[in-house]
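S.K.: Each chain is listed here by its residues.
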Amino acid sequence: MSEFLTSCYAKMHRGDVILAYKGEISAGIIADTLGLVEAKLSDEMVENLIRKKLYNVLVECLQNLFHHVDKVPGSESNFGAFILSKTPEGYHISTGNMVKADKTKVLKEKIDKINSLSKEELKEFYKFVLNNQTFSEKGGGGLGLIDIARKTGNKLKYDFTRYNDEYYFFSLNVLVSE
Amino acid sequence: MELMNIEGTPKTPTVVMNPNTGVIDIKGRSIPENSIEFYRPVVEWLDEYIKNPQPNTVVNVQLEYFNTSSSKCILDVFKKLEVLKKNQKDVVINWYYEEDDEDMLEAGEDYESIIKVPFKMIQIVD
Chain A
1 MSEFLTSCYA
11 KMHRGDVILA
21 YKGEISAGII
31 ADTLGLVEAK
41 LSDEMVENLI
51 RKKLYNVLVE
61 CLQNLFHHVD
71 KVPGSESNFG
81 AFILSKTPEG
91 YHISTGNMVK
101 ADKTKVLKEK
111 IDKINSLSKE
121 ELKEFYKFVL
131 NNQTFSEKGG
141 GGLGLIDIAR
151 KTGNKLKYDF
161 TRYNDEYYFF
171 SLNVLVSE
Chain B
179 MELMNIEGTP
189 KTPTVVMNPN
199 TGVIDIKGRS
209 IPENSIEFYR
219 PVVEWLDEYI
229 KNPQPNTVVN
239 VQLEYFNTSS
249 SKCILDVFKK
259 LEVLKKNQKD
269 VVINWYYEED
279 DEDMLEAGED
289 YESIIKVPFK
299 MIQIVD
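Each protein sequence line maps, in turn, to chains A and B.
Mapping the first sequence onto the numbering used here, position 142 (from 1) lands on 142, and the numbers just tick up by one.
Mapping the second sequence onto the numbering used here, position 119 (from 1) lands on 297, and the numbers just tick up by one.
Just so you know, these hints were derived from the structure itself, not from any lab.
Owing to the predicted nature of the structure, the values given are computational and were not obtained by experimental measurement.
Even glycine gets a Cβ: it sits at the ideal position worked out from N, Cα and C.
Hints are not guaranteed to be accurate.
Per the computed footprint, the stretches of chain A lying under chain B, defined by three or more beta-carbons under 8 Å from a beta-carbon of chain B, are [claimed, not checked]:
1) 13-20
2) 51-61
3) 88-100
Simulated pairs of lysine-lysine, DSSO-like, Cα-Cα distance not exceeding 30 Å [stated by the list, open to error]:
4) B/K257 / A/K100
5) A/K100 / B/K250
6) A/K103 / B/K264
7) A/K100 / B/K298
8) B/K189 / A/K52
9) B/K205 / B/K189
10) B/K250 / B/K229
11) B/K229 / A/K123
12) A/K100 / A/K52
13) B/K189 / B/K298
14) B/K205 / B/K250
15) B/K229 / A/K52
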């Protein structure tokens, strides 16, 4: 398991890494990371609007990760990984987590649908889900990915790497353009 | 009815709701993992308030960030205000956004198109 995760994690890297984490995903880790990134972005004098957008998208990506990590039987923790990095295009946020094989189809269809929509269609889809879906205690009722796509204006890149018949490693990469 | 005053934290907004003036302020950031828990007392307070409201209710929303988990709860808050409107009371939502922050302006416009309450989009200029 550990070797598999290390190789998946390695594939998530691109550009200059600002922050990278792999390990147990807890509410505390997410909160600490957001605090750290916020301090770092204000130190580095990132332009206000980019900083706000990046922070907003990062909140959504990390909370999504937190809500959707599937624990693999036999492994010790709720394993997940995230990397914030910079390339000339802008800031990249990558998240990775194990998902049950039976969830991959729905997740893939959902992202493909989001990626197929225009800016205007995404707005309508967001409003539809906001107004019509009941939210679970757990998460945002499926608005997270739509919101990320809307705010970044970029397609969501993703990959599933097979671990065994029951589990896949799901990685998501989003770009906040500069 | 009592004034409600919830102090802000790095994850949750400051909320002040005054039953005597009809002014409601929601200010700061709203990014808790579980927003339902945070907004429950706010919605409950509004349930009481709409039974015996002021003739004019002014709601000021000035958020720096909010997550999608909060967006549904904010919609629930606004839906309570629709009831005031339906009962012939005056109500306005002042939606503040920072200069050039199109994401926040659009978020306000999304609500405006769903909720049958007048909105005012107010740009904050430094």
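S.K.: Evaluate each hint against the coordinates.
M.R.: The hints, checked one at a time:
With a threshold of 8 Å between beta carbons, the proposed coverage of the region 13-20 of chain A by chain B is violated, since 0 of its residues qualify and at least three are required. Residue count for the region 51-61 of chain A with a Cβ under 8 Å from a Cβ of chain B: 6. That meets the three needed, and the coverage hint holds. Evaluation of the coverage hint for the region 88-100 of chain A: breached, as 0 residues show C-beta separations to chain B shorter than 8 Å, against a requirement of three. Pair hint B/K257 plus A/K100 does not hold up; C-alpha atoms about 37 Å apart against a cutoff of 30 Å.
This hinted pair checks out: A/K100 and B/K250 have alpha carbons roughly 27 Å apart, not beyond 30 Å. Simply put, A/K103 and B/K264 have alpha-carbon atoms about 43 Å apart, too far for the 30 Å limit, and the pair is violated. Taking the CA atoms of A/K100 and B/K298, the gap is near 46 Å; set against the 30 Å cutoff, the hint is violated. A hinted pair counts as satisfied when its Cα atoms are at most 30 Å apart, and B/K189 with A/K52 qualifies at roughly 15 Å.
A distance of roughly 11 Å separates the Cα atoms of B/K205 and B/K189; the hinted pair therefore holds under the 30 Å criterion. Straight-line distance between C-alpha atoms of B/K250 and B/K229 comes to about 23 Å, which keeps the hinted pair within the 30 Å bound. Among the hinted pairs, B/K229 with A/K123 is inconsistent with the structure: their alpha-carbon atoms are about 34 Å apart, more than 30 Å. Between the alpha carbons of A/K100 and A/K52 the distance comes to roughly 33 Å, so the proposed pair goes past 30 Å and is violated.
Taken as a hint, the B/K189 and B/K298 pair is honoured in the structure, with Cα atoms around 25 Å apart against an allowance of 30 Å. Of the supplied pair hints, the one linking B/K205 and B/K250 holds, its CA atoms being roughly 17 Å apart against a limit of 30 Å. Note on B/K229 and A/K52: the hinted pairing is violated, with a Cα-Cα distance of about 39 Å set against a maximum of 30 Å.
Taken one by one, the earlier hints fail for this structure at numbers 1, 3, 4, 6, 7, 11, 12 and 15, listed in ascending order.
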